[in-house]
Amino acid sequence: EEAELRGFVVLELAELIARQVEAVFRQHAPELLGRSEVQQLLDTLARSHPGLVEDVTPRHLPLTSVQAVLQQLIAENVSIRDTRTLFETLAARAPKSQAIDDLVETVRAALGRSIVDRLFEGSNALQVIGLAAATETRLLNEMGDEGEALLSPATLDALNDAAERALAEQEGAGYPPVLLTSPGLRAILARLLRRNLPRLAVIAYAEVPADKTVQVTTELSIGEGA
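Under our numbering, read the sequence shown as residues 702 to 927, first letter to last.
No lab work stands behind these hints: they were computed from the structure.
These figures come from a predicted structure and were not determined experimentally.
For glycine and all other residues, C-beta sits at the position ideal for the given N, C-alpha and C.
Don't take each hint at face value.
Claimed, not checked - Label pairs and their calculated CB-CB ranges:
id, residue 1, residue 2, range
1, 814, 858, 33 to 39 Å
2, 786, 857, 32 to 38 Å
3, 892, 912, 18 to 24 Å
4, 854, 874, 27 to 33 Å
Given the sequences, and given the hints that come with them, work out the whole structure.
In structure tokens:
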């Protein structure tokens, strides 16, 4: 019992460090999250879950990959405080894939409830911006074999304009600025839209808990002539 209590306290310490790291680097720039801060977080978590940390790094992922995953999560305003779930997910996924985007999407799905609850303030009804079917097809058709965005300048301009209109309509109706899309497009859309529309959150269907109800209140459509 004493050992369990000690492990719980250490885990709380790891979450506290994660909270501090998250606050500092979200306020400034996620890219400044260095190896020393990541190592401090790993060292603290290893005191209560040594096997879990070893399963992630160095067994399957280098420290730089863990760093990149955390940077991307923080850049997208995803809390990294649930360190145990985060690293359990990495430990399960890393043997199959070391691609950063894939790891981030898998972690986001595992943290889906906390992501959704923060964006919608705990509501069970999720009013979202949805992609028009034709727009989703067009974007998927312009993606490369490895999932990278190879959008033409015309498509990129049309996408930004359509997203800006959809965001204005969504917020004008009093709904959260959240775009819901397929997992295959989420990371790319988040990156493409973040610079011009930093307050627009992009989430995937895989992040939505089963007990939530989704209502598409605004449609993001590029339009055939764009």
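Structure-based check of each hint:
1. For the pair residue 814 and residue 858, the supplied restraint of 33 to 39 Å holds, since their beta-carbon distance comes to about 36 Å.
2. Checking the proposed 32 to 38 Å range against residue 786 and residue 857 shows it holds: the Cβ atoms sit about 35 Å from each other.
3. At roughly 30 Å, the beta carbons of residue 892 and residue 912 sit outside the given window of 18 to 24 Å.
4. At about 31 Å, the CB distance of residue 854 to residue 874 agrees with the hint of 27 to 33 Å.
Against the hints set out earlier in the document, a violation occurs for number 3 only.
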